[in-house]
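Undergrad: Sequence order for the protein chains is Z and A.
Residue numbering for the first sequence follows the working numbering, beginning at 40 and increasing consecutively.
Residue numbering for the second sequence follows the working numbering, beginning at 10 and increasing consecutively.
If you're looking for bench data, these hints aren't it; they were derived computationally from the structure.
Certain hints may be false.
To be verified - DSSO-like, lysine-lysine: derived pairs with alpha carbons at most 30 Å apart:
1) Z:K138 / Z:K95
2) Z:K138 / A:K18
3) Z:K146 / A:K80
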Amino acid sequence: QKEVEQNSGPLSVPEGAIASLNCTYSDRGSQSFFWYRQYSGKSPELIMSIYSNGDKEDGRFTAQLNKASQYVSLLIRDSQPSDSATYLCAVNPPGGYQKVTFGTGTKLQVIP
Amino acid sequence: DGGITQSPKYLFRKEGQNVTLSCEQNLNHDAMYWYRQDPGQGLRLIYYSQIVNDFQKGDIAEGYSVSREKKESFPLTVTSAQKNPTAFYLCASRGIYTATNEKLFFGSGTQLSVL
């Protein structure tokens with residue numbers, strides 16, 4: 040089982056809709072969770088970080104964490120064509136305090 | 010400006026050759042990382058370092074080597090033992106002495122291709 044799993048997509052949503060991206064992780068003791076956005080040929084950039092169960096909102100983005108079910112999700116409200124990118128879920132697994140493991144990423148396409 | 014610099018942007022390797030990718034940061038970060046990204050794939054961890062003169066293998070360390078002689082620098086050598094080195098290589102860094110883990114700062118990447 041991979042440490043961090045994501046659906047590779049592509050996930051296509053119409054402009055203005057809500058995009059929902061999901062990520063599951065295998066190590067129950069993981070403490071820190073991150074969503075990065077990566078445009079083609081560019082470096083990833085941090086969108087959201089979340090450490091506690093529940094929701095965390097920042098503008099059009101909401102990160103949701105459920106440690107009991109071992110999943111973290113990212114909701115993008117009012118999706119824009121500029122949101123079209125690959126979204127990478129990253130997790131700090133237990134045991135290696137500084138190790139950061141990424142999922143394979145979900146490609147999001149927002150259709151105008 | 011503070012940041013993390015990777016060089017070169019493009020690199021070509023001949024059969025049997027070792028090549029070294031440079032990564033330098035002036036953010037005073039303790040932790041540094043090397044990731045490999047294949048087309049349409051996520052980031053896979055090669056090596057990471059939490060402190061000078063110490064580093065840990067990631068998930069795909071075979072065929073790679075690193076050094077951490079200075080806090081600012083974390084070069085990656087792709088050895089001839091790495092039979093499929095063509096990929097996009099990303100270096101990253103972050104601070105570690107915080108209440109919650111800080112985000113990763115990424116360099117602009119190096120595209121390595123085999124001649």
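Undergrad: For each hint, tell me whether it holds in the structure or not.
TA: Taking the hints in turn, this is what the structure says about them:
With a CA separation close to 23 Å, the supplied pair Z:K138 and Z:K95 stays within the 30 Å bound. Between Z:K138 and A:K18 the CA atoms are separated by roughly 25 Å; this keeps the pair inside 30 Å, and the hint holds. For the hint pairing Z:K146 with A:K80, the CA-to-CA distance comes to about 35 Å; that exceeds 30 Å, so the pair is violated.
Going through the hint list in order, the structure does not satisfy hint 3, though it satisfies all others.
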